[in-house]
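> Chains A and B supply the protein sequences, listed in that same order. The C-terminal residue of the first sequence carries number 293 in the numbering used here, and the numbering is unbroken. The C-terminal residue of the second sequence carries number 563 in the numbering used here, and the numbering is unbroken.
Calculated directly from the structure, the hints in this document are not laboratory data. Be careful, since some hints might not be right.
A few chain B positions that, by computed beta-carbon distances, are all more than 12 Å from chain A [said to hold, decoys possible]:
(1) E306
(2) P316
(3) T323
(4) S325
(5) E337
(6) G358
(7) R365
(8) N400
(9) A408
(10) K417
(11) E421
(12) E464
(13) G474
(14) E483
(15) N497
(16) M504
Each computed DSBU-like pair below joins lysine-lysine, with the alpha-carbon atoms no more than 30 Å apart [unchecked claim]:
(17) B/K354 with B/K300
(18) B/K486 with B/K300
(19) A/K287 with B/K300
(20) A/K95 with A/K124
(21) B/K429 with B/K417
(22) B/K354 with A/K287
Partner residues are not named here, just some residues of chain A that face chain B (Cβ under 8 Å, in silico) [as the list claims (entries may be wrong)]:
(23) Y210
(24) L232
(25) G235
(26) L293
The structure presented is a predicted model; accordingly, all values stated were derived computationally and were not measured. All C-beta atoms, glycine included, are put in the ideal place defined by N, C-alpha and C.
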Amino acid sequence: MFTRRSDLPLDKDALSRFLPWLIAFMVFLAVLALAGMLVLNSTAERWDQGVSGTLTIQIIPAANPEDDNGRLQKVLAILNRTPEIDHYETLSDDKLLRLLEPWLGAQAGTHDLPLPRLIDVELKADSKLDGETLSRRLAAEVPGASVDDHRVWLSRLVRLIQTVQGLASMVLVFIAFATVGTVVFTTRTGLAIHRSAIEVLHLIGAQDSYVAGQFSSRALILGLKGGIIGLLLAGPTLFAIGHLARQIESSLLPTITLEPAHWAALGALPLVVALIAMMTARLTVLKTLSRML
Amino acid sequence: MDIDDNKPIVSFENVGLRYGLGPEVLQDVTFSLAPGSFHFLVGESGAGKSSLLKLIYLALKPSRGLISLFGRDIATTPRRELPAMRRRVGVVFQEFRLLNHLSAFDNVALPLRVAGAKKSDIQKHVVELLSWVGLKDHLDARPPTLSGGQQQRVSIARAVIARPRVLLADEPTGNIDDRMGLRLMHLFEELNKLGTTVVIATHNSRLVERMGHPKMLLDEGWLEIVGGRAPGESQAPAHKKEFSETVLADTFSDVDDDAPGAPPDFEKLI
Numbered sequence: 001m002f003t004r005r006s007d008l009p010l011d012k013d014a015l016s017r018f019l020p021w022l023i024a025f026m027v028f029l030a031v032l033a034l035a036g037m038l039v040l041n042s043t044a045e046r047w048d049q050g051v052s053g054t055l056t057i058q059i060i061p062a063a064n065p066e067d068d069n070g071r072l073q074k075v076l077a078i079l080n081r082t083p084e085i086d087h088y089e090t091l092s093d094d095k096l097l098r099l100l101e102p103w104l105g106a107q108a109g110t111h112d113l114p115l116p117r118l119i120d121v122e123l124k125a126d127s128k129l130d131g132e133t134l135s136r137r138l139a140a141e142v143p144g145a146s147v148d149d150h151r152v153w154l155s156r157l158v159r160l161i162q163t164v165q166g167l168a169s170m171v172l173v174f175i176a177f178a179t180v181g182t183v184v185f186t187t188r189t190g191l192a193i194h195r196s197a198i199e200v201l202h203l204i205g206a207q208d209s210y211v212a213g214q215f216s217s218r219a220l221i222l223g224l225k226g227g228i229i230g231l232l233l234a235g236p237t238l239f240a241i242g243h244l245a246r247q248i249e250s251s252l253l254p255t256i257t258l259e260p261a262h263w264a265a266l267g268a269l270p271l272v273v274a275l276i277a278m279m280t281a282r283l284t285v286l287k288t289l290s291r292m293l
Numbered sequence: 294m295d296i297d298d299n300k301p302i303v304s305f306e307n308v309g310l311r312y313g314l315g316p317e318v319l320q321d322v323t324f325s326l327a328p329g330s331f332h333f334l335v336g337e338s339g340a341g342k343s344s345l346l347k348l349i350y351l352a353l354k355p356s357r358g359l360i361s362l363f364g365r366d367i368a369t370t371p372r373r374e375l376p377a378m379r380r381r382v383g384v385v386f387q388e389f390r391l392l393n394h395l396s397a398f399d400n401v402a403l404p405l406r407v408a409g410a411k412k413s414d415i416q417k418h419v420v421e422l423l424s425w426v427g428l429k430d431h432l433d434a435r436p437p438t439l440s441g442g443q444q445q446r447v448s449i450a451r452a453v454i455a456r457p458r459v460l461l462a463d464e465p466t467g468n469i470d471d472r473m474g475l476r477l478m479h480l481f482e483e484l485n486k487l488g489t490t491v492v493i494a495t496h497n498s499r500l501v502e503r504m505g506h507p508k509m510l511l512d513e514g515w516l517e518i519v520g521g522r523a524p525g526e527s528q529a530p531a532h533k534k535e536f537s538e539t540v541l542a543d544t545f546s547d548v549d550d551d552a553p554g555a556p557p558d559f560e561k562l563i
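Bound conformation, chain A alone (with noise of 0.2 Å):
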């Protein structure tokens, strides 16, 4: 293919020098876009799956402190009778007062002060139960007790990452289109360069497709050419931007890796666009073309 014979001068002009930069810069831009999508898809669905099986109970202390073992104990016998609970754990006043340091300071824990009771629940992979009907269940028989459910606020998280997801596949749109416009550009300037050549071979009986094959398998290589150059650009850039991630990291987000098949996507980027170079220039072609008779 790369050695393949052409009867239009079309490695000569100038455009074949400059359509694989630009080709080069679409890559180089679809490429950082589509790893960010890819990212953000993958961190939706660790938080996804990490937060969105469990539930926190929560027992306000009453005023007798004497009372809240039994409402306690009140609401382990409901969990125990809910199916839908894969396990729970309450949690013990030192892990509490940890969770409350950075609060209340170390000291915290040597006051007298009334500590709500938590249940961290883990529900079955399952389960349909939400945290509403359960919170119901609880308020009837123990006062005071509520259900913390993390789906709620984590639903806002993951709307947020869909929308930035939705952002990044427009900039893969956009830069769809900028692709075949620049390569209808360049397609267009070819025919008027070579037009007299070309006026030749379709004189001479060349059939249309024949025509079209000699600038499409130019644009599959120029495309190919500069898909590599911004693939090759684009690579350490996302190096450099997973290790900036991987500084700022704290335990509230999730590890931002990009697995095998997420590379893969991103290595066929420019086979992706030198095909739809290839496609567009042989359309172009062809429909030029129809306007001789």
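Chain B: place on chain A using the hints.
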């Protein structure tokens, strides 16, 4: 493509042609060419000779009227079938229209390549034909490095390599001397004797008179056939015969470069 020897190979009925909104450069042109006929297309410069040839080699659509090529109405022939018809029409363009970035070999090979001929056949026939027109030693030369006469021979070789049924030449003697022009005419006559229908546009009247073939006379867009048979009347094709060594020797014997090679076997060409 089946070609009935009794049907005209080219026929025009009331053909008119105008460019854009301009005046008609051809008006009510009606004629038909029998297979194996030989015509000169004569007329003043600007009389519409090139336009008429362009209509025959399917570079232009007529503004009105009916054109049939090989018995098929061009207007109703699907566009995708036109390339195959164009391949049966060889054209020697006025300004040669060789592709300057390709070698003489590749220029002559083009019609075979676009027709999808086999590589080995292309190699064989192109070398044979270029040797025959005395350019054996210029196979790899690009047209700009060739002389006018050499370019013309490349252009003629390209026009006949695929063995067309119709050969059109637009002012082929325009930039060569009379002696060379006459040789060229002999070459066209030889191809004609093999059954090719020939139309040559020229304003070299001495040449036309000397050859004695019927004339298609164009005057301000009107066409008249002089000295030939009436339009539509068929002419039995001349007996096909091989190129004679004498004619070849006569045609290209003292051409400035290579000696002529063996005549190509046109029967075997695609």
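> It remains to establish, for every hint, whether it holds in the given structure.
Structure-based check of each hint:
1. E306: Fine: 18 Å to the nearest Cβ keeps B/E306 off the interface.
2. P316: Holds, since 21 Å exceeds 12 Å.
3. T323: 21 Å, holds
4. S325: 21 Å, holds
5. E337: 25 Å, holds
6. G358: Per Cβ check, B/G358 is outside 12 Å of chain A; nearest 15 Å; holds.
7. R365: Holds, because the least Cβ-Cβ distance between B/R365 and chain A comes to about 14 Å, which exceeds 12 Å.
8. N400: For B/N400, whose nearest Cβ neighbour in chain A is about 9 Å away, the distance does not exceed 12 Å, so it is violated.
9. A408: Given a closest Cβ separation of 7 Å, the condition is violated.
10. K417: The claim holds: B/K417 sits with its nearest Cβ about 18 Å from chain A, beyond 12 Å.
11. E421: The claim holds: B/E421 sits with its nearest Cβ about 19 Å from chain A, beyond 12 Å.
12. E464: 17 Å, holds
13. G474: 24 Å, holds
14. E483: 22 Å, holds
15. N497: 24 Å, holds
16. M504: Correct as stated: the minimum Cβ-Cβ distance to chain A is 27 Å, above 12 Å.
17. B/K354 with B/K300: Judged against 30 Å, a Cα distance of about 22 Å means the pair holds.
18. B/K486 with B/K300: Between B/K486 and B/K300 the Cα gap is close to 18 Å, so the pair holds against 30 Å.
19. A/K287 with B/K300: Answer violated: A/K287 to B/K300 is near 35 Å, above 30 Å.
20. A/K95 with A/K124: 24 Å, holds
21. B/K429 with B/K417: Distance ~12 Å between B/K429 and B/K417 Cα, so the pair holds.
22. B/K354 with A/K287: Answer holds: B/K354 to A/K287 is near 18 Å, not above 30 Å.
23. Y210: 6 Å, holds
24. L232: 32 Å, violated
25. G235: 37 Å, violated
26. L293: It holds, given that the least Cβ distance between A/L293 and chain B is near 5 Å, below 8 Å.
Checked against the numbered hints above, the structure breaks hints 8, 9, 19, 24 and 25 and satisfies the rest.
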